[in-house]
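Produce the complete structure using the sequences and hints provided.
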Amino acid sequence: MIQIKDLHKSYHMGSNSLHVLKGINFNVSEGELVSIMGSSGSGKSTLLNILGMLDEADSGQYILDGVPIKNLNEKIAAKYRNEFLGFIFQSFNLINYKSALDNVSMPLYYKGIKRKERTDKAMHYLEKVGLAEWSHHLPSELSGGQKQRVAIARALASEPKVLLADEPTGALDTKTSYEVMDLIQGINDEGKTILVVTHEHDIAQMTKRIVNLKDGVIIDDSKVEQVRALTHV
Amino acid sequence: MFNRDRWNEILEALNANKFRTILTAFGVFWGITILVLLLALTNGLKNGVTADFGDFATNSMFMWTQGTSKPYKGLPKGRYFNYKLDDVEAIKSEITNLKYVSPRNQLGGYRGANNVIRGTKTGAFEIYGDYPEYIKQQPMDILQGRFLSYSDINSKRKICVIGTGVVKGLYDKGEEILGTYIKINGVNFKVVGTFKMSNSQGDDEQDASTIYIPFTTFSQAFNRGENVGWMAITAVDDVPITSIKQQIFDLMKSRHKVHPEDDRAIGHFDLSEQFGRISGLFSILTIVGYFVGALVLMSGIIGINNIMLIVVKERTKEIGVRRALGATPWMIKGQILQESLVLTILSGMLGVSFAALVIWVLNYILDQAGDVENFANPSVGMQVVFTALIILVVSGLLAGLIPANRATKMKPVDALRIE
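As given, the protein sequences belong to chains W and G, one line each in that order. Numbered by the working numbering, the letters in the first sequence go through residues 117 to 349 in order. Numbered by the working numbering, the letters in the second sequence go through residues 408 to 826 in order.
No lab work stands behind these hints: they were computed from the structure. Watch out, some of these pointers could steer you wrong.
[Stated by the list, open to error] Capping the alpha-carbon separation at 25 Å, the derived lysine-lysine pairs in DSS-like fashion look like this: (1) K724(G) x K191(W); (2) K818(G) x K121(W); (3) K214(W) x K720(G); (4) K191(W) x K720(G); (5) K816(G) x K191(W); (6) K543(G) x K603(G); (7) K195(W) x K818(G); (8) K491(G) x K563(G); (9) K484(G) x K664(G); (10) K191(W) x K740(G); (11) K277(W) x K244(W); (12) K816(G) x K195(W); (13) K818(G) x K720(G); (14) K816(G) x K227(W); (15) K277(W) x K818(G).
The following block contains the structure:
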């Protein structure tokens, strides 16, 4: 599903140059649930941004579902993001003046799907995350865990190949974190490929594979025995 | 482009901060209101002032005689002379590009002594001896009967056409007018028509208290012989009378032994020049109206531009999220542009409507209060509304352009990082 070869990325700030990713190689096949770990500054967010086409690598190869991702202009990048990827953010990033339902249907709007179909689909995914009754509430009327579940429904709505989650539990308490991880595990069980960036070990243990990043290189990449989040709740 | 979803997006975004939206919209609303009102008031002033010209053919001049100011060919200065009927013929035959040359004579004057009698009623009116083409120079509405004709001129008929003021002064209400006789300076005239001025303001009473009789009848009945009091001369439409008048003066001077450089001997009033001067003045006033209105409008537009910049800044993260979800830069730009357009056009059209309401109230008050000197019927045409609409569309786009570009300049990854 994802093939990455010798990925480099550096940031230039004035005369200083910061080499963040120093040759990353890894592959993710379909149906995997991978966590990317590392301390802050290890380059894990940068990697995720490049995977999400929000940022571009300086050199190296990135192939997503057989499509080489390079030299994208913003228009094509937007199309690929819409088709291939679903994003889950640490701070949820829901649009605060739109109802939960409208938030979920937004990627479908950008996909150009008709209103009726859009609402049906969005409703379906809201049901899936257990928030059907909350569909007409604004984000400000939802709890943190509910917001993240709306965000997950939104990420799922466009039926992407890969879900990218950047510290999905970073803003939640432990109990809610596990509920969210349970949801993510459930989605993975249905066959969706998911990448989770986190720095929490217990969250990482709930994935099937942990990739450890340090100073821009992968120092460890190993499969783990998945801990079901449900056992903690 | 403007489907329901787009509308929802735009309205939602504008609704997200209602108070600010309204305040911003007010700038444009006020600007366009001022613009339209200024133009309407200019128009009102113009209507009021040009109404004083009535409907008189504007490419015309009046010409009369005054005392000479230079001795010439043995004749002393200070000499008085009169135009004669054959002067009229001479002008008609020797000067080209003239449409009408009407010799005129007058009896009585504004607020003169009583000079017309009918039975027991008397009145003071202005009596003019005229040729039939005078009605083409001074349009009037014939209410009953007819105006003068050439057979009246040729057979010197003692008939007259009277204004509504005369009717009011000499007749009872509902009385039959045509066919009756009135006595002007002791001479009986049969009334064959009544008229009112098509368009005049303020001078209504004076204009309506006028009696027209055939020029030839006038000369005979009131002993004017061949004399002509003054002439009303109209040139053809595409040749300004101002450019011909010197030829006419020269002709008159040579026929009456007036020194060629004696400019005092011939008095004239060039309607076309006066009218041109006044319409020029109003063209300038209209331009000033547009200019000042546009400046006021501009501050409104800058307000929108400003607020859209703030909106874009505030929504940097939202825009980042939208792009992460698959919005292309053009979709984002389009939305910002449309928000600014909708805001501008909505508030602008509200402003136009409000100005229309003010104009309506103004007209209503004017109607109630009666005529006001030099001011009538303030209004703007549809073309002003369309111009305003075009200005709004253009300025709405301009106001949105910078913010829209700003919105997509940032990379999505940076936009998402903003807290």
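Hints versus structure:
no.	hint	result
1	K724(G) x K191(W)	holds (19 Å)
2	K818(G) x K121(W)	holds (24 Å)
3	K214(W) x K720(G)	holds (19 Å)
4	K191(W) x K720(G)	holds (22 Å)
5	K816(G) x K191(W)	holds (13 Å)
6	K543(G) x K603(G)	holds (14 Å)
7	K195(W) x K818(G)	holds (16 Å)
8	K491(G) x K563(G)	holds (18 Å)
9	K484(G) x K664(G)	holds (11 Å)
10	K191(W) x K740(G)	holds (12 Å)
11	K277(W) x K244(W)	holds (18 Å)
12	K816(G) x K195(W)	holds (18 Å)
13	K818(G) x K720(G)	holds (14 Å)
14	K816(G) x K227(W)	holds (22 Å)
15	K277(W) x K818(G)	holds (23 Å)
In summary, the structure agrees with every hint in the numbered list given earlier.
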